[in-house]
Amino acid sequence: MPGEASHLVAETAARIFADFADPQTVNRDADGSWKTRLWDALDAAGLPLAWVPETLGGSGASIAEGFAVLSAAGRCALAAPLAETLAAGWLLARGGIEAPATPMTVAPCRPRERIAIDQGRLNGRAGSVPFAREVEHIAALVQDGASAQIALVQSERCRVSESRNLAGDPLDTVLFERVKPLQIAPAPRGFTKDSLMLMGSAIRGVEIAGALETILALSVAYANERVAFERPIGKFQAVQQNLARLAGETAAAIAVAGSAADALAGADQFDDDVFLEVVSAKIRTAEAAAEGAAIAHQVFGAIGFTQEHVLHRFTLRVLAWRDDFGNESYWANELGKRAAQRGADEFWPWVASR
Amino acid sequence: MSTALRFDPIRLPPECAALREQVRAFLTEHIAAGTFDPHLGGHGDSYNRAFSKSVGAKGWIGMTWPKKYGGHERSQLERYVVTEEFRVANAPSHLHFVADRQSGPILLKYAPEHVKQDILPRICRGELCFAIGMSEPGSGSDLFAAKAKAAKVDGGWRVNGSKIWTTSAHVADYMLALFRTSPPTKENRRHGLTQFLVDMKTPDITVHPINQMTGLPGFNEVVFADAFIPDDHLLGEIDGAWKQATSELAYERSGPERFLDTFYIMLELIRAVGPEPDLRSAEGLGRLVAQLHTLRRMSVSVAGMLQAGKEPVVEGSIVKDLGTLWEQKLPARVRELAAFLDPEITNRAALDEQLAIATTIAPKLTIQGGTTEILRGIIARGLGLR
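The listed protein sequences derive, respectively, from chains P and U. Under my numbering, the first sequence has 129 at position 136, and the numbering climbs by one with no breaks. Under my numbering, the second sequence has 221 at position 220, and the numbering climbs by one with no breaks.
Just chain P, with the same shape it has in the complex:
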């Protein structure tokens, strides 16, 4: 992932994940107590509010550093609202709102949903909000006529109906019924709901790429260990071809998500170039997730299909993450429309400008 500057923060994050969110340990954990210990350590290192400037109560890390943390989170298939808290802190900071030191999530998380405001009260329905039931605060993007506002809301003021994603992580519906926000501020000029969807998409892209890195490493290690027909299965060309394809999908995900993160790190607005980078990352990492998960399961056979094995923690999460902040079909339609609007003559210059 991104350059040298982000190394230190990413190493800190990776160490905390290794100590407190090891996939094997988490997979065996019955009561979820690992989450509290993990959060305390993340909190002490200033990671949840990495994208919040120090003046607003955060640790003021760079965009690149934050993405490096999320890549590490993806590599251990983290099932805690770290990405969501980072995104919420980032969103609040766009409105100059101080971030509370609690786990948070963001809303809306689907491109076509909106939260409206009427006489200072929020109304609307946001589906598929990750971890809503577990967090104290929600950072919401609110549509006020043509302009957007950013609000900090206590989640206990909302009606939360519980559901889960493919991997069993909370994915809830949040009902805003005349909810009075703790704070509200106008979004910067040009900042729209699409901006939030793009940031969320880049986050999920980076997490998927990270998880695929581990899926590849686990699969190769298993193919070298597991003996069948008196040879490690990794010696069979058919298996080698599959693993080479998995490496290809992983490589594509790493490259396009890393490029999108880099584009966001260097951007001051969500223009057409950022759109191309981030939307491509969401589409291509989602495709890699589907291909990659299928290949990994094929390599592992029955053992990889058990509750006890950690593989599903990675494969089900990459599949689930495809759906957050607009799935690949939604974004492909948007990207195709934009390419068509540019027309054939302006298409290549757009691609080549990145």
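These aren't lab readings, by the way, just hints derived from the structure by calculation. Please note that the accuracy of each hint is not assured.
Stated by the list, open to error - From chain P, some residues computed to sit far from chain U (all C-beta separations above 12 Å): (1) 8; (2) 105; (3) 153; (4) 156; (5) 163; (6) 176; (7) 262; (8) 309.
To be verified - For the chain U half of the interface with chain P, some residues (derived, Cβ under 10 Å), not all of them: (9) 6; (10) 11; (11) 85; (12) 264; (13) 291; (14) 315; (15) 319; (16) 322; (17) 326; (18) 376; (19) 380; (20) 383; (21) 385; (22) 387.
Said to hold, decoys possible - Label pairs and their in silico Cβ distance ranges: (23) 173(P) x 309(U): 50 to 60 Å; (24) 219(P) x 156(U): 54 to 64 Å; (25) 296(P) x 68(U): 55 to 65 Å; (26) 260(P) x 203(U): 55 to 65 Å; (27) 1(P) x 138(U): 52 to 62 Å; (28) 336(U) x 336(P): 14 to 24 Å; (29) 372(U) x 259(P): 37 to 47 Å.
Every residue, glycine too, gets a C-beta built ideally from N, C-alpha and C.
For chain P, the structure is supplied; the task is to place chain U on it using the hints.
Frame of chain P; chain U shown alone:
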């Protein structure tokens, strides 16, 4: 051996933007003058000596090579820009491209000084076409089964045998070829091959063109009947060419030519769907855009690693594997997406014509320069599986 893959988000440096404008202006001029038709993907007059000389005059052949051999000491990333703009414009570059991409770098590394002084500047001027003599009737992907033999004689070598599927041999001035100088050993079946520079004007070399299934020439069989190659045309280590040949293939792997060979069909699709595409067209097009952008970012990243002096063998092979499969499937995908479009669309005839061309050339894309199967073997080796 590791599963760690690296694709740093390399950005093209600012000097590339100015260069790109110069390249586009040059290509636009030649299109206006009728030198080539940008809409004729791969089927224009792809060998054009006059055009290659004008490219050389611009300084866009041998860009990264030392100035003392006629090169320009520019970066891999600048060369990348020239290559991709030429590809996208369907500019004829068959004459000089192989020399620029791989034969020149091999000569730079292994040829004697006076040979370098003689040949490299002529490549840079766009005067020389190179062919690659690797495959034989009994040896394709299995490079090390090559049998064409070079026997030591006074002052040089006598070559007997044949090479086949040799692109450009019918117009090439030189060939870089592998010949057997010793039998393979028990310990190393790759031992015993030596690389030579072959002047195609040498007597006792006969070229038989083999038409491709497109109906056009391209392949050749090259027969050596006691052909003489002087000592100073031996390249590198006797019997040790396997090291050289595999690094030569690495240059071939990850450039923009590995995913842009059917790109024209994507532009025709964009023309066909118009500015307000229906849902099916838009979603299909959007996925192709995302896949193309991903491949390009991967390919630029590998170019950046090459510039930094790294040897991204696995990453380069991955780019070629994904890239050639993508450009191969592109015509089929475009055909599906165009199926329900209004038959009266203005570019339907052009689209159908381009589709026919792209569909016909598609099978070769995953064969030339290392088949999909060979590439995946290399990737698997890099992962630590063999």
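Hint by hint, here is what the structure shows:
no.: 1; hint: 8; verdict: 18 Å, holds
no.: 2; hint: 105; verdict: 14 Å, holds
no.: 3; hint: 153; verdict: 33 Å, holds
no.: 4; hint: 156; verdict: 27 Å, holds
no.: 5; hint: 163; verdict: 29 Å, holds
no.: 6; hint: 176; verdict: 35 Å, holds
no.: 7; hint: 262; verdict: 18 Å, holds
no.: 8; hint: 309; verdict: 21 Å, holds
no.: 9; hint: 6; verdict: 5 Å, holds
no.: 10; hint: 11; verdict: 9 Å, holds
no.: 11; hint: 85; verdict: 7 Å, holds
no.: 12; hint: 264; verdict: 8 Å, holds
no.: 13; hint: 291; verdict: 4 Å, holds
no.: 14; hint: 315; verdict: 7 Å, holds
no.: 15; hint: 319; verdict: 5 Å, holds
no.: 16; hint: 322; verdict: 6 Å, holds
no.: 17; hint: 326; verdict: 9 Å, holds
no.: 18; hint: 376; verdict: 8 Å, holds
no.: 19; hint: 380; verdict: 4 Å, holds
no.: 20; hint: 383; verdict: 8 Å, holds
no.: 21; hint: 385; verdict: 6 Å, holds
no.: 22; hint: 387; verdict: 7 Å, holds
no.: 23; hint: 173(P) x 309(U): 50 to 60 Å; verdict: 55 Å, holds
no.: 24; hint: 219(P) x 156(U): 54 to 64 Å; verdict: 58 Å, holds
no.: 25; hint: 296(P) x 68(U): 55 to 65 Å; verdict: 60 Å, holds
no.: 26; hint: 260(P) x 203(U): 55 to 65 Å; verdict: 58 Å, holds
no.: 27; hint: 1(P) x 138(U): 52 to 62 Å; verdict: 58 Å, holds
no.: 28; hint: 336(U) x 336(P): 14 to 24 Å; verdict: 21 Å, holds
no.: 29; hint: 372(U) x 259(P): 37 to 47 Å; verdict: 39 Å, holds
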